[in-house]
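**Q** Read off the chains here:
Number of protein chains: 2
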Amino acid sequence: MTPAEINLVGYIAAACTTLCWLPQAVRAIRTRDTAAISLWTQGLFAIGIVFWLIYGVLAASWPVVISNVVALPLVLVVIAMKIRYG
Amino acid sequence: MTPAEINLVGYIAAACTTLCWLPQAVRAIRTRDTAAISLWTQGLFAIGIVFWLIYGVLAASWPVVISNVVALPLVLVVIAMKIRYG
Numbered sequence: 001m002t003p004a005e006i007n008l009v010g011y012i013a014a015a016c017t018t019l020c021w022l023p024q025a026v027r028a029i030r031t032r033d034t035a036a037i038s039l040w041t042q043g044l045f046a047i048g049i050v051f052w053l054i055y056g057v058l059a060a061s062w063p064v065v066i067s068n069v070v071a072l073p074l075v076l077v078v079i080a081m082k083i084r085y086g
Numbered sequence: 087m088t089p090a091e092i093n094l095v096g097y098i099a100a101a102c103t104t105l106c107w108l109p110q111a112v113r114a115i116r117t118r119d120t121a122a123i124s125l126w127t128q129g130l131f132a133i134g135i136v137f138w139l140i141y142g143v144l145a146a147s148w149p150v151v152i153s154n155v156v157a158l159p160l161v162l163v164v165i166a167m168k169i170r171y172g
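Line by line, the protein sequences give chains V and P.
In terms of the working numbering, the first sequence opens at residue 1 and continues consecutively.
In terms of the working numbering, the second sequence opens at residue 87 and continues consecutively.
Bear in mind the hints are in silico, worked out from the structure with no lab data behind them.
Because the structure is a prediction, the values reported are computed rather than measured.
Just so it is clear, CB atoms sit at the ideal spot from N, CA and C, and this is done for glycine as well.
Hints are not guaranteed to be accurate.
Facing chain P, a subset of chain V residues (Cβ under 7 Å, in silico) [to be verified]:
| no. | residue |
| --- | --- |
| 1 | T2 |
| 2 | I6 |
| 3 | V9 |
| 4 | G10 |
| 5 | C16 |
| 6 | T17 |
| 7 | D33 |
| 8 | A35 |
| 9 | I37 |
| 10 | L44 |
| 11 | F51 |
| 12 | Y55 |
| 13 | A59 |
Can you make the complete structure from the sequences, with help from the hints?
**A** The structure is reproduced here in structure tokens:
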């Protein structure tokens with residue numbers, strides 16, 4: 001496979017693991033119910049996203065960079081809702 | 087930075103976004119409460135993990151591969167609990 005084709009697989013992956021946080025953020029805002037959500041999971045995930053971002057830049061892996069730039073604010077919304085509503 | 091140093095950043099990222107799913111899976115199993123969790127988020131995330139796995143293999147990015155191999159079963163546990171307890 002060419003690098004462009006490999007990156008295409010990465011972009012599909014990035015679209016899934018990025019856009020997936022939208023329904024969770026919307027649900028948390030709408031229902032104000034975050035009881036079942038683990039703050040450890042969301043917090044550690046947010047820290048991980050920052051490290052993936054650094055890795056993506058260093059490795060010049062644009063699917064990794066773009067994915068994590070978009071996912072970070074969505075995950076931060078979930079964390080904010082979790083802290084607010086418990 | 088050397089490729090080894092770049093990969094180290096990737097492994098830290100991978101450890102965070104992989105191990106983070108453990109407290110969510112444990113919480114779902116213990117409390118049987120998954121009401122606040124979005125099935126769309128978890129389902130799309132699981133599909134994304136599979137694509138990241140393929141990307142990681144094709145791009146020979148081992149932090150990506152290992153991270154997603156470990157994360158997949160943990161996310162599947164959360165999905166199974168969500169389907170079971172709603």
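**Q** Look at each hint and say if it fits the structure.
**A** A quick look at each hint next to the structure:
The beta carbon of T2 of chain V comes no nearer than 10 Å to any beta carbon in chain P, farther than 7 Å, and the hint placing it at the interface is violated. For the restraint placing I6 of chain V at the interface with chain P, the shortest Cβ-Cβ distance is roughly 4 Å, inside the 7 Å limit, so the hint holds. At about 5 Å, the closest approach between the beta carbon of V9 of chain V and any beta carbon in chain P falls short of 7 Å, and the interface hint on this residue holds. Annotation: interface hint on G10 of chain V holds; nearest CB of chain P at approximately 4 Å, less than 7 Å.
At about 3 Å, the closest approach between the beta carbon of C16 of chain V and any beta carbon in chain P falls short of 7 Å, and the interface hint on this residue holds. With a cut of 7 Å, the hint placing T17 of chain V at the interface with chain P holds, because the nearest CB-to-CB distance is about 3 Å. For D33 of chain V, the shortest C-beta to C-beta distance to chain P is roughly 5 Å, which falls under 7 Å, so the interface hint holds. Because the smallest distance between the Cβ of A35 of chain V and any Cβ of chain P comes to about 5 Å, under 7 Å, the interface hint for this residue holds.
Contact between I37 of chain V and chain P, as hinted, is supported at the beta carbon level, the nearest pair being about 5 Å apart and thus within 7 Å. Taking 7 Å as the C-beta contact cut-off toward chain P, the hint placing L44 of chain V at the interface holds, the least distance being around 4 Å. The beta carbon of F51 of chain V is positioned within 7 Å of a beta carbon in chain P (closest approach about 3 Å), and the interface hint is therefore held. Taking 7 Å as the C-beta cut-off, the interface hint given for Y55 of chain V holds, the closest approach to chain P being about 4 Å.
A hinted interface residue such as A59 of chain V counts as satisfied when its beta carbon comes closer than 7 Å to some beta carbon of chain P; here the least separation is about 5 Å, so the hint holds.
Of the hints listed earlier, the one the structure fails to meet is number 1.
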